[in-house]
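2 protein chains.
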Amino acid sequence: MPHASVPVPSIAHGRARVWSADLGDHVGERVVLRGWFHHRRALKSVLFLLLRDASGTAQIVIESPPDRALVESLPHESVIAVTGQAIASPQVSAGVEIHDPSISVISRAADEPGIELFRPELGASLHTRLDNAAVSLRHPRRARTQRLAAAIVEAFRSSLRAQAFVEIATPKIVDSAPEGGSNVFALDYFGRDAYLAQSPQLYKQIMVGALERVFETAPAFRAEPHDTSRHVSQFLSLDAEMGFVADHVTVMGVLTETIRSMVDAARPFADLISGDMPAVPSSIPDIHFSDALDLISEASGEDVRQEPDLAPSHERWLGAWAKERYGSDWLFVTGYPMAKRPFYTHPDPSRPHWSNSFDLLFRGLEVVTGGQRLHRHDDYLAALATRGIDPEPFAGYLDAFRFGMPPHGGFALGLERFVAQLAGIANIRDVVLFPRDMQRLTP
Amino acid sequence: MPHASVPVPSIAHGRARVWSADLGDHVGERVVLRGWFHHRRALKSVLFLLLRDASGTAQIVIESPPDRALVESLPHESVIAVTGQAIASPQVSAGVEIHDPSISVISRAADEPGIELFRPELGASLHTRLDNAAVSLRHPRRARTQRLAAAIVEAFRSSLRAQAFVEIATPKIVDSAPEGGSNVFALDYFGRDAYLAQSPQLYKQIMVGALERVFETAPAFRAEPHDTSRHVSQFLSLDAEMGFVADHVTVMGVLTETIRSMVDAARPFADLISGDMPAVPSSIPDIHFSDALDLISEASGEDVRQEPDLAPSHERWLGAWAKERYGSDWLFVTGYPMAKRPFYTHPDPSRPHWSNSFDLLFRGLEVVTGGQRLHRHDDYLAALATRGIDPEPFAGYLDAFRFGMPPHGGFALGLERFVAQLAGIANIRDVVLFPRDMQRLTP
Numbered sequence: 001m002p003h004a005s006v007p008v009p010s011i012a013h014g015r016a017r018v019w020s021a022d023l024g025d026h027v028g029e030r031v032v033l034r035g036w037f038h039h040r041r042a043l044k045s046v047l048f049l050l051l052r053d054a055s056g057t058a059q060i061v062i063e064s065p066p067d068r069a070l071v072e073s074l075p076h077e078s079v080i081a082v083t084g085q086a087i088a089s090p091q092v093s094a095g096v097e098i099h100d101p102s103i104s105v106i107s108r109a110a111d112e113p114g115i116e117l118f119r120p121e122l123g124a125s126l127h128t129r130l131d132n133a134a135v136s137l138r139h140p141r142r143a144r145t146q147r148l149a150a151a152i153v154e155a156f157r158s159s160l161r162a163q164a165f166v167e168i169a170t171p172k173i174v175d176s177a178p179e180g181g182s183n184v185f186a187l188d189y190f191g192r193d194a195y196l197a198q199s200p201q202l203y204k205q206i207m208v209g210a211l212e213r214v215f216e217t218a219p220a221f222r223a224e225p226h227d228t229s230r231h232v233s234q235f236l237s238l239d240a241e242m243g244f245v246a247d248h249v250t251v252m253g254v255l256t257e258t259i260r261s262m263v264d265a266a267r268p269f270a271d272l273i274s275g276d277m278p279a280v281p282s283s284i285p286d287i288h289f290s291d292a293l294d295l296i297s298e299a300s301g302e303d304v305r306q307e308p309d310l311a312p313s314h315e316r317w318l319g320a321w322a323k324e325r326y327g328s329d330w331l332f333v334t335g336y337p338m339a340k341r342p343f344y345t346h347p348d349p350s351r352p353h354w355s356n357s358f359d360l361l362f363r364g365l366e367v368v369t370g371g372q373r374l375h376r377h378d379d380y381l382a383a384l385a386t387r388g389i390d391p392e393p394f395a396g397y398l399d400a401f402r403f404g405m406p407p408h409g410g411f412a413l414g415l416e417r418f419v420a421q422l423a424g425i426a427n428i429r430d431v432v433l434f435p436r437d438m439q440r441l442t443p
Numbered sequence: 001m002p003h004a005s006v007p008v009p010s011i012a013h014g015r016a017r018v019w020s021a022d023l024g025d026h027v028g029e030r031v032v033l034r035g036w037f038h039h040r041r042a043l044k045s046v047l048f049l050l051l052r053d054a055s056g057t058a059q060i061v062i063e064s065p066p067d068r069a070l071v072e073s074l075p076h077e078s079v080i081a082v083t084g085q086a087i088a089s090p091q092v093s094a095g096v097e098i099h100d101p102s103i104s105v106i107s108r109a110a111d112e113p114g115i116e117l118f119r120p121e122l123g124a125s126l127h128t129r130l131d132n133a134a135v136s137l138r139h140p141r142r143a144r145t146q147r148l149a150a151a152i153v154e155a156f157r158s159s160l161r162a163q164a165f166v167e168i169a170t171p172k173i174v175d176s177a178p179e180g181g182s183n184v185f186a187l188d189y190f191g192r193d194a195y196l197a198q199s200p201q202l203y204k205q206i207m208v209g210a211l212e213r214v215f216e217t218a219p220a221f222r223a224e225p226h227d228t229s230r231h232v233s234q235f236l237s238l239d240a241e242m243g244f245v246a247d248h249v250t251v252m253g254v255l256t257e258t259i260r261s262m263v264d265a266a267r268p269f270a271d272l273i274s275g276d277m278p279a280v281p282s283s284i285p286d287i288h289f290s291d292a293l294d295l296i297s298e299a300s301g302e303d304v305r306q307e308p309d310l311a312p313s314h315e316r317w318l319g320a321w322a323k324e325r326y327g328s329d330w331l332f333v334t335g336y337p338m339a340k341r342p343f344y345t346h347p348d349p350s351r352p353h354w355s356n357s358f359d360l361l362f363r364g365l366e367v368v369t370g371g372q373r374l375h376r377h378d379d380y381l382a383a384l385a386t387r388g389i390d391p392e393p394f395a396g397y398l399d400a401f402r403f404g405m406p407p408h409g410g411f412a413l414g415l416e417r418f419v420a421q422l423a424g425i426a427n428i429r430d431v432v433l434f435p436r437d438m439q440r441l442t443p
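Listed in order, the protein sequences are those of chains A and B. Counting in the working numbering, the first sequence runs from 1 upward without gaps. Counting in the working numbering, the second sequence runs from 1 upward without gaps.
Hints are computed from structural coordinates only; laboratory data are not their basis. Even glycine gets a Cβ: it sits at the ideal position worked out from N, Cα and C. Since no wrong hints were added, every one of them can be taken at face value.
Which chain B residues face chain A? A few, computed with CB under 8 Å, are given here: (1) 110; (2) 206; (3) 207; (4) 218; (5) 219.
Stretches of chain A that chain B covers, calculated by requiring three or more beta carbons in the stretch to come under 8 Å of a beta carbon on chain B: (6) 213-226; (7) 433-442.
All chains should be built: construct the whole structure from the sequences, respecting the hints.
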């Protein structure tokens, strides 16, 4: 699994080190490799040692009895340096192996790890993997999943920068819980009650007044009381917000471009992707929430027309429908009922029971939520009053609308859920590096 | 103050909108501008209206009495659209102004803001600015400071990516406080005690085992009990960590390259920078902590040789000394006493009273801290025992060293402090968008 995108390190450390993935450029040379003792395979007269570094693995052919004894006594995951001859070898997948090695131990592991990292898939249970994150995160496929996540988050940023968005950083300690009070973590803030931000929603809206188009990639916190495969207490929230929109459809256009960049960034990781790389159509198909419920009712024979939201099974059905009808892995569902959306949601002007909002389904799972927001001060005061919410804690936020705000909207997605759906990973805890949930606060 | 880097929006909203900064490309055309009512200047027969958008401002020449009456009755910060003729005009700084305008109000401000945004510097006090962030952040210079911060954080990321670092996201809710227990926020985590992470230190070290070189740009939290101009409760921590270092000097080399990229990213913002743009030497000068104290003692006539740390006045003196001696705005101070550094600090092998650590001073202010870390499991157990710290809460972290870790090190800097020092901004609260401190939890 070579990583063509990893450049050679420019950092000197004694003799210049070579990445294992670059051995093909050094055939016939004596090279220095550094990395972890990944695996050994002992035959009668020879022992094959696999060294793992950030770029992949290299096979070292050991024939001298003292070296063999050294490697046979070494715990896996010990850190070693190997100096040896790079020899072309069609038998190994990299095409090169190391002969005539000289091996030194940089940092001997204190114990034999309980997890076998050399297997293509980790055999350990989810709990064992998470409890032993310091080792299990070293598994090549697991580590590479983080490279995929990193590439996707940077594509989110670079796409939005190209669309004139500016990065912001907003408070994660807040004095009220705008998204609803149930799943929020409480905090002692110098003796006052405070909360961890569930989203940067109010702050990104304020910043539209200053910069028109903004984005943030930062942790968000939800005290999720349910133990599901899709929810954790902290996730990386990718947020964008923009001014001077016609309505939510303008936002859907920006999101489509952004998603296209994110999927493009995933292309070098085709080995991790579940099924084919998804194509992003120039215009993603969309269906109104009420039409979606009509279709589902018709297909299922069960009347779901009065449902206020889509159940996961409905989303899966719509995903399959979009694939069959449009050949698309993506489907916008628009116009969710106002009653199910937060107070800042902009109604559909012609049908105020419905909202100018959307979810983006990817292969039958909601991965992005967005929409147009209210922008008039009076509309906010009315929306808060209707819901019985005291406007006073929101005074600093409401100032943004009191002093002139354009029609605006935005969207948010959880990075790890997006990566999990793309890579066909069943539990988001295999994407978050050190997941937090009801049971888990360590490591 | 045009922003040449802001591209024309590709997003349709009725007739294509033109950024005010791009008017020079549209002389002789009838154009649509959208933005905020920034300022008006009334003469006898003509009224000049300044429209502000994300790219800058445009002057609109109003002669018709109804339009004049409209603008004179409009609160500042109302959102407007102006369609008019772009006419070359050498008198205005942009070289173009709008004649024969048709003005429509998109979103009328509910009240006249208490802050005058058209002045080159905001006259309001710090507290007034912060209390009215939704308006004061719209001030062109203030908004542009956020563009500078955004450019610098992205340069941090792109420089490290080019040096084979991978982005990570680590938990901000943790079960113990490795950097010391005093300035940490406590949290109710599903009925258990938890804390907000003061840094990603332990997690970035664990990830060196998986990816060798990692970085993170994420909020960090400190319950700072002092009301200073340099400290806030939440800042954006720019962190990097790398394996296979010789010692802290390897890390200083990577940091130097990274800082160079960050300063390069600031060049388009020369109007915001305090004094000249700082040059970053190919090798930043360095001085050992003990030599620094010798110099300061000699220069001041006061014996500070037994001090365990540098006072701010010492840092300022060293900054002036580096400028005079080396012509450098930057100075590494290395080898801080082990006693003042956290438990994971690697000692200087030849002089174990001192550490393989460094601070980077920029114009006499510490802006980056870093160093080599311990990498052997036994060394961690000994370091914790010496300091009387129970190793049990750190079990998941110590696993990284138990199962083979290379010599490694890294660094951390606070984005906002760096930007403040570069831009000559006296209080970090004028860089953080919505600062949090002992007194301030809103907006």
